[in-house]
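Novice: Same order as they appear, the protein sequences are chains S and L. Those letters in the first sequence? Residues 1 to 258, per my numbering, in order. Those letters in the second sequence? Residues 1 to 395, per my numbering, in order.
Bear in mind the hints are in silico, worked out from the structure with no lab data behind them. Honestly, I wouldn't trust all of these hints.
Computed cross-link-like contacts, DMTMM-like style, restricted to lysine to aspartate or glutamate with a CA-CA straight-line distance of at most 20 Å [as the list claims (entries may be wrong)]:
hint	chain 1	residue 1	chain 2	residue 2
1	L	K126	S	D203
2	S	K112	L	E343
3	S	K112	L	E262
4	S	K145	S	D250
5	S	K182	S	D93
6	S	K145	S	D203
7	L	K126	S	D134
8	L	K126	S	D250
9	S	K96	L	E37
10	L	K126	S	E129
11	S	K83	S	D180
12	S	K113	L	E343
13	L	K382	L	D152
14	S	K72	S	E115
15	S	K113	L	E262
16	S	K153	L	E37
17	S	K153	S	D203
18	S	K182	S	D226
19	S	K61	S	D226
20	S	K212	S	D87
21	S	K230	S	E207
22	S	K83	S	E183
23	S	K110	L	E343
24	S	K153	L	D114
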Amino acid sequence: MISLKQDQTKVKETKVTSGDEAGRREFLKGSAAALALAPGMTLFAYGEALAKPADQAVSTKSRWGLLIDAAKFSDEDVDACVKACQDENGWSDTGKPLTDPQWIRRVNLKNKKTEEQFSLPMMCQHCAEPPCVDVCPTGASFKRKDGIVLVDKHICIGCRYCMMACPYKARSFVHEHIEDQKEHAPRGIGTVESCTMCVHLVDEGKEPACVKAAPAGAMVFGDLNDKTSKLAQLIKSVATQQVRADLNLDPGVRYRNI
Amino acid sequence: MAETYRQLREYNNSFNILLVLHVVMIAVGLGAAFYMEHNGHVVTGMNNQIVWGLPHVFAIFLIVSASGALNLASASSVFSKLAYKRFARLSAILAIALLIGGLVVLLLDLGRPDRLIVAMTYYNFKSIFAWNIILYTGFITIVGIYLWTMMDKTVARFNKAAGWGAFIWRIILTTGTGSIFGFLVAREAYDAAIMAPLFISSSFVYGMAFTVWVLITMCQATGHRLITKEVSQKLRELFIIFIAAMLYFTAVHHLTNLYAAEHIGVERYILWSGSVFTYLFWGGHVFIGSILPMLILMKSDLGSSRVGLTSASILMLLGGMAHIYVIVIGGQSYPLSLFPGMEVTSTFQDGVFGNYMPTLPELLLGLAGVSMAMFIVGFALKILPFLPSPVAEDQ
């Protein structure tokens, strides 16, 4: 019943923006969802269609995010996510740990008081208020309207100020020449790079590579702005944490059980 | 007579040798930059934790010094201290030269120096770095105009206004340079508004040390006295005040950090962990760069002598490099605090102190920036009347 009410709210919301083609589509999608939910059989469609039509510009209507449950990750699980990201985006470990890029990494944590140990994947947190974007002199570091923080490799001058500014150490500088790049993830020597949240996949309605590689339920990807999404529901219902919440950057990546 | 300037015409061979050495250094530095750009930063000591290395130390040191090099010109135009007017042109051209030297190093250390045009045409006005690009180019322009008003009688009536403009601009410029660090909320060693006044006070010391160094070099090269005893005494006194101001801001910076529990770790690392930064801070910045020159300068006769001023200036410059090194490299070396209360490890140097060993190409590029500045000054002295005319031995 509650869910039906929420979906009716959504229908109302979509009506407001139904002046264009996209709005009509959204309205129909919302209505269909409301009808499907009417019998109260399911709460929400967890396998929601994430894609926007290719001809539609990215909008602030969505804000993509992740919820990472540290309790569900072993070291090997995190490594699997790292490997998936490497395979998807074409970066690799060349045996130079100081200079090799790491778009996503395994961070091992040990509570100094309780001695509890665990590990989790750490990557760009896709902040709503990203310091890397603020400091970038050319605007190469930018945030898409849907919250994904990216680097425009064409205008990155390699000043590394964004790396100085990022509280999460999420960015890497390409220290040497690169071969065998992926077409969808262009990279370049002398520029800075980081997790793209697999934006090329997200735009096709798919999930980021790390999410697919993670154990079931350990990483949830979705739209933080869509109250009906599994991600938004989880964030609403379970205790989640933001890394360096004190900085008030409103990261799109949230954690549980750390 | 006190206001006359002369073009450098008569000089001994040491000047030519110096110029040639600077040209060689510039060529070597450009070669080093090409080597780094061709191979990528993998051939430097920089890495994904220490992202700004020795070239940045040189660049920031030169840029901060550029602002301070304008001291003597500002003193004459803005504060009407006519005793310094003879040095105003040299002071201004040195300021421009040091800034260019610093910018060249900064540019050549970019990952993509070939994209200079991008840096000049794409601006993110929320970025203090972008503002600095405007401040740097503006500084060169304003000080250039200021110089023009000093040298062309037809525009001399604008000299005071240009002097004020340059003075205000240099304060803003160094505020901007300090704010590059002050705005970094993520780094515990930075993220403090006091970085701006700290940089301004440091600029007064380093910039004037460069000015005195150049003046004394030119005394050597021309075989003439260029500084009167009166001015030597004044310089000595100014240095003492500026060093005291710099030490004051340094002390306040660290003491306020020590008050905040979250910053105690980084302060312990810099001030008494026994790391290289501890030695550079106490030995380099505080002792060599501040206390030792202060001791020399406090002895009136020694402090105002050519030997005293030269040695004090060199010590201040060496200490200045140590100071900027501790700020730039030390601040990055301290690990980011991602998970307070946790022991953090990873394959990406989380939770460990970052190691950085500068490589030869980085050093050569940095030194080339200094040489670039010195060559510009030397060349300018030869083609235009920037140098103060000699004073009598008894003056």
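Novice: Hints first: check each against the structure and report whether it holds.
Specialist: Against the structure, the hints come out as follows:
1. L:K126 to S:D203: Since the Cα atoms of K126 of chain L and D203 of chain S sit roughly 28 Å apart, the hinted pair is violated (cutoff 20 Å).
2. S:K112 to L:E343: Judged against 20 Å, a Cα distance of about 6 Å means the pair holds.
3. S:K112 to L:E262: holds (16 Å)
4. S:K145 to S:D250: holds (15 Å)
5. S:K182 to S:D93: Cα-Cα ~16 Å, so holds.
6. S:K145 to S:D203: holds (13 Å)
7. L:K126 to S:D134: Holds: K126 of chain L and D134 of chain S sit about 6 Å apart, inside 20 Å.
8. L:K126 to S:D250: It holds: about 19 Å lies between the C-alpha atoms, which stays within 20 Å.
9. S:K96 to L:E37: holds (19 Å)
10. L:K126 to S:E129: holds (12 Å)
11. S:K83 to S:D180: Holds, because 16 Å separates the two Cα atoms, which is no more than 20 Å.
12. S:K113 to L:E343: holds (10 Å)
13. L:K382 to L:D152: Satisfied, since the Cα-Cα distance of roughly 18 Å is no more than 20 Å.
14. S:K72 to S:E115: holds (18 Å)
15. S:K113 to L:E262: holds (18 Å)
16. S:K153 to L:E37: Distance ~17 Å between K153 of chain S and E37 of chain L Cα, so the pair holds.
17. S:K153 to S:D203: holds (19 Å)
18. S:K182 to S:D226: violated (31 Å)
19. S:K61 to S:D226: holds (8 Å)
20. S:K212 to S:D87: holds (12 Å)
21. S:K230 to S:E207: holds (13 Å)
22. S:K83 to S:E183: This hinted pair holds, its Cα atoms lying about 18 Å apart.
23. S:K110 to L:E343: The given pair, whose Cα atoms are some 5 Å apart, holds under the 20 Å limit.
24. S:K153 to L:D114: OK: K153 of chain S and D114 of chain L at ~13 Å, within 20 Å.
The structure is inconsistent with the numbered hints 1, 18, although it conforms to all the rest.
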